[in-house]
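Peer 1: Residue numbers (the UniProt record's numbering): 1 to 322.
These are computed hints drawn from the structure, not numbers from a lab.
None of the values given here were measured: they were computed from a predicted structure.
A virtual CB, placed ideally from N, CA and C, is assigned to each residue, including glycine.
There may be inaccurate statements among the hints.
Only pairs whose alpha carbons sit at most 30 angstroms apart, straight line, appear in this in silico BS3-like list of lysine-lysine [unchecked claim]:
1. Lys168 to Lys78
2. Lys3 to Lys15
3. Lys150 to Lys218
4. Lys15 to Lys138
5. Lys232 to Lys221
6. Lys15 to Lys5
7. Lys117 to Lys254
8. Lys218 to Lys254
9. Lys138 to Lys7
10. Lys232 to Lys243
11. Lys150 to Lys131
12. Lys218 to Lys232
13. Lys232 to Lys284
14. Lys284 to Lys126
15. Lys138 to Lys218
16. Lys150 to Lys168
17. Lys132 to Lys221
18. Lys254 to Lys243
19. Lys78 to Lys232
20. Lys78 to Lys132
21. Lys131 to Lys117
22. Lys15 to Lys132
Label pairs and their computed distance ranges (CB to CB) [claimed, not checked]:
23. Asp236 to Ser94: 37 to 47 angstroms
24. Glu37 to Ser198: 34 to 44 angstroms
25. Ala121 to Glu263: 29 to 39 angstroms
26. Glu100 to Gly261: 36 to 46 angstroms
27. Gln105 to Pro226: 46 to 56 angstroms
28. Ser94 to Gly179: 27 to 37 angstroms
29. Ala290 to Lys138: 34 to 44 angstroms
30. Gln105 to Ala177: 44 to 54 angstroms
31. Gly285 to Gln180: 26 to 36 angstroms
32. Arg219 to Arg250: 39 to 49 angstroms
33. Arg39 to His135: 18 to 28 angstroms
34. Asp25 to Ser94: 36 to 46 angstroms
35. Gly96 to Asn164: 18 to 28 angstroms
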Amino acid sequence: MIKLKEKGYLIAVNKNGLRFRRIFDCSIDEARLIEAECRAAYARGDTYSPPIKSIGCNKKVTQKGEITHQEALRIASKALPDYVIKRTQSTLRSQGVLDELVDTQHFIDIYQSLFGKYTNATINSKLTPLKKYAHYLKETGHVNEVPEMKLTNASSSDRRRYFNDEEKELMRAGLAAQGQVFCDMLDFTLRTGLRFPSELLSVSERNVRGETLHVVGKRGKSRVVPLSETAKRILDDYPEGFKVTEYEFREAWKLVRSAMGLEDDREFVPHVMRHTFATDLVEKGGDLLAIRDLLGHDDVRTTQIYAKVTGSHLKSTIAILD
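Throw the hints in and build the complete structure from the sequences for me.
Peer 2: Pasting the structure below:
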């Protein structure tokens, strides 16, 4: 639909659950071209960005849409990466608004609820896909504006928490007291760097090929992790996997963390096991590119954040020049 308004031509398209409503200061021929391109894009299930900037939108379009987040995400899955859809869906579900009508107030509430609850790095990992989804809603006409959701200053220190030698022994003893399987999961992760819970809880002897473990990580990306003798011995005791739920492991972890007096340490979470794996390798002279591959990172800069290079390691490295 094209209508002449006081400021220009109003172009409105509603197709396949996608809505576009903008006013353009342009000629009628340009307006017809924009409408045709938009209809064609929506017919394919794609988003549409007009070739010229709009000067506004019709007042009938409100900040509260006429579609639920669940339905909007289903449509958005044709245009946005899978990880954006899954993470956003999880965030909206945890806030109890997944089946409610799209409302910009939801984004404001979620944004405000993250602070004081998560680390800066975790906040950013939740906000990044949420912002992409919010901008998609604006592009498709479901909301007028995207609320400001600034990413935090996630310095490298945000994810540098790892076990020192004393903490390793305390964790081993504490988890063993809750059940030997918990201690074995700790030791296995410290020797493989698997992610908890997705990778660790899905491992079994079926994933073993000779001396290596085949792991399917984030976004279905596969990698190969060589098994140390200790890791092989542990896995031999659990040929069908560890048979422990995420909840059971987290509860055991919380009990040990509390016994160690670390209940207020927000960084002391199961991910520390993987972080410690990377840190130990770097401190013992491991190559960052090799560690990157073991962890399944796409960018070595991510590995540098995980792997804390200590002063002693730097000193041993520079000693090569002598």
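Peer 1: Take the C-beta atom of Asp25 and the C-beta atom of Ser94, compute their distance, and say whether it sits inside 36 to 46 angstroms.
Peer 2: Holds, at about 43 angstroms.
Peer 1: Would you check the hint for Lys168 and Lys78, treating anything up to 30 angstroms between C-alpha atoms as holding?
Peer 2: Given that 30 angstroms is the threshold and the Cα spacing comes to 45 angstroms, the pair is violated.
Peer 1: Does Lys218 pair with Lys254 here, judged by a C-alpha cut-off of 30 angstroms?
Peer 2: Given pair Lys218, Lys254 holds - Cα atoms ~25 angstroms apart, limit 30 angstroms.
Peer 1: Is Lys150 within 30 angstroms of Lys131, Cα to Cα?
Peer 2: Cα-Cα ~9 angstroms, so holds.
Peer 1: So if I understand the rule, the pair passes when the alpha-carbon distance is 30 angstroms or less; does Lys138 with Lys7 pass?
Peer 2: holds, 21 angstroms
Peer 1: Below or equal to 30 angstroms on CA atoms is what counts here, so check Lys232 against Lys243.
Peer 2: Given pair Lys232, Lys243 holds - Cα atoms ~17 angstroms apart, limit 30 angstroms.
Peer 1: Arg219 and Arg250, beta-carbon distance inside 39 to 49 angstroms?
Peer 2: Cβ of Arg219 to Cβ of Arg250: about 24 angstroms, so the range 39 to 49 angstroms is violated.
Peer 1: Quick check: does the Cβ-Cβ distance between Ala121 and Glu263 fall within 29 to 39 angstroms?
Peer 2: violated, 21 angstroms
Peer 1: For the pair supplied as a hint, Lys15 and Lys5, confirm whether the alpha-carbon distance does not exceed 30 angstroms.
Peer 2: Holds. Lys15 to Lys5 sits at ~22 angstroms (cutoff 30 angstroms).
Peer 1: Regarding the pair Lys232 and Lys284, is the alpha-carbon distance no greater than 30 angstroms?
Peer 2: holds, 21 angstroms
Peer 1: Holds or violated: are the alpha carbons of Lys150 and Lys168 at most 30 angstroms from each other?
Peer 2: It is violated: about 36 angstroms lies between the C-alpha atoms, which goes past 30 angstroms.
Peer 1: Going straight from one Cα to the other, do Lys138 and Lys218 come out at no more than 30 angstroms?
Peer 2: holds, 28 angstroms
Hints 1, 14, 16, 19, 25, 32, 35 from the earlier list are contradicted by this structure; the remaining hints agree with it.
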